[in-house]
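Residues per chain are reported as follows:
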Amino acid sequence: MYAALWRVLPGPWWIRVLILLVLAAAVLYGLFFFVFPWVSTILTPEDVTVG
Amino acid sequence: MPDTPPAPPARRQSDRRRRPASALGVVGVLGEILVTLGVVVLLYVAYQLWIGDAIIGSQRQAEAQEITQQWAAEQPAPTATPGPDATGEPVTAEPVVTPEVGDAEIFATLHVPRFGEDWVFPVAEGVSKTRVLDPIGIGHYPGTAMPGAMGNVALAAHRYTHGAPFENLPSLQIGDAVVIETVDGWYTYRFRNMEYVRPDEVAVLEPVPQKVGAAPDGRYLTLTTCSPMWSTAERIAAYAVFESFTPRAAGEPASLTLAGEA
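Residue numbers (our numbering), protein chains in the order written: chain A, 1 to 51; chain B, 1001 to 1262.
For reference, chain A alone in the conformation it holds in the complex (with noise of 0.2 Å):
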């Protein structure tokens, strides 16, 4: 999979280098602002007042 994604980027070592760090920039975002705040409120149930 991961031999796959290097072999399909173009261009030299440091150019597949800098593109596969924004990738991972990217996706990071996407799971930390919409993933697992989408997660957190199914797996963490919390309950805070009394009554």
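If you are wondering where the hints come from, they were derived from the structure by calculation, not from laboratory data.
Here a beta-carbon is modelled for each residue, glycine too, at the ideal position from N, C-alpha and C.
Do not rely on the hints blindly, as some may be mistaken.
Unchecked claim - Some but not every residue of chain A turned toward chain B, in silico, with C-beta under 10 Å:
| id | residue |
| --- | --- |
| 1 | 1 |
| 2 | 2 |
| 3 | 23 |
| 4 | 33 |
| 5 | 35 |
| 6 | 37 |
As the list claims (entries may be wrong) - Distance condition first, Cα-Cα at most 16 Å in a straight line; then the derived EDC-like pairs of lysine to aspartate or glutamate:
| id | chain 1 | residue 1 | chain 2 | residue 2 |
| --- | --- | --- | --- | --- |
| 7 | B | 1129 | B | 1103 |
| 8 | B | 1129 | B | 1105 |
| 9 | B | 1211 | B | 1201 |
| 10 | B | 1211 | A | 46 |
| 11 | B | 1211 | A | 47 |
| 12 | B | 1211 | B | 1195 |
Stated by the list, open to error - So the derived label-pair ranges between C-beta atoms look like this:
| id | chain 1 | residue 1 | chain 2 | residue 2 | range |
| --- | --- | --- | --- | --- | --- |
| 13 | B | 1093 | A | 30 | 26 to 36 Å |
| 14 | B | 1027 | A | 30 | 22 to 32 Å |
| 15 | A | 30 | B | 1233 | 41 to 51 Å |
| 16 | B | 1196 | A | 6 | 50 to 60 Å |
| 17 | A | 12 | B | 1103 | 53 to 63 Å |
| 18 | B | 1214 | A | 28 | 51 to 61 Å |
| 19 | B | 1032 | A | 30 | 12 to 22 Å |
| 20 | B | 1041 | A | 3 | 16 to 26 Å |
| 21 | A | 30 | B | 1025 | 21 to 31 Å |
With chain A fixed as given, assemble chain B onto it according to the hints.
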């Protein structure tokens, strides 16, 4: 039987040629996917423990700062007597009773210098998770006193997730300032004690906390959140008693800073 001896080498040879392309390739990709999923799960744990509350908490605090600045702009403090007056005594006044507001309406911000001098969260009416506690921050129990009124102002907030306003509630020390800010000014309460109660103990919300049916004899503040951390088994009730009201015209009270602590 005579056929078998030449067969194994043939199979082995074909295996050697085939495996990297198909069998090993499939297993390899599967492994990569599993490792990736494992990393995502670990990232989620980090999100839940630290990163998420840092992100959401700072968003909520920025919102509260904005509200505070808006109030300051609406009623600018006169430059003549900022802080203590000529006698050196802090300016206080008879507390203004905050008017009741509709559900999910933000009417105050809460400052707790013990949690950080810049620590400030918005306070809205109601304790609905979907309308107040999750999207806004701190909720005011409907039917309990409004700031300035006799009786008990009861607030609730998350201890983890959604910005976790009351994450450090157990770190309060006796005498710590808990300040409710409204458009009228600052209501300074002093932390008195903490109680760990069962989730059904509504007596902590009584006008005199834990005294069922007693007529209000003072101004109290009750903060509730869940306990222990990451559990919904119990609740913490932190009590504070009213100290003074500082009108907005008098400028920020000293209780907003840790240095202002007695």
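Hints and how they fare:
1. 1: 4 Å, holds
2. 2: 6 Å, holds
3. 23: Violated. Min distance 13 Å.
4. 33: Holds, because the Cβ-Cβ distance from residue 33/A to chain B comes to roughly 8 Å (cut-off 10 Å).
5. 35: Status holds, d = 8 Å.
6. 37: 7 Å, holds
7. 1129/B - 1103/B: 12 Å, holds
8. 1129/B - 1105/B: Distance of about 14 Å is within 16 Å: holds.
9. 1211/B - 1201/B: 12 Å, holds
10. 1211/B - 46/A: Cα-Cα ~27 Å, so violated.
11. 1211/B - 47/A: 24 Å, violated
12. 1211/B - 1195/B: Roughly 14 Å separates the two Cα atoms, so the pair holds.
13. 1093/B - 30/A: 26 to 36 Å: About 51 Å separates the Cβ atoms of residue 1093/B and residue 30/A, which means 26 to 36 Å is violated.
14. 1027/B - 30/A: 22 to 32 Å: 28 Å, holds
15. 30/A - 1233/B: 41 to 51 Å: 34 Å, violated
16. 1196/B - 6/A: 50 to 60 Å: 55 Å Cβ-Cβ, so the 50 to 60 Å window holds.
17. 12/A - 1103/B: 53 to 63 Å: 60 Å, holds
18. 1214/B - 28/A: 51 to 61 Å: Given about 54 Å between the Cβ atoms, the range holds.
19. 1032/B - 30/A: 12 to 22 Å: 19 Å, holds
20. 1041/B - 3/A: 16 to 26 Å: 23 Å, holds
21. 30/A - 1025/B: 21 to 31 Å: 28 Å, holds
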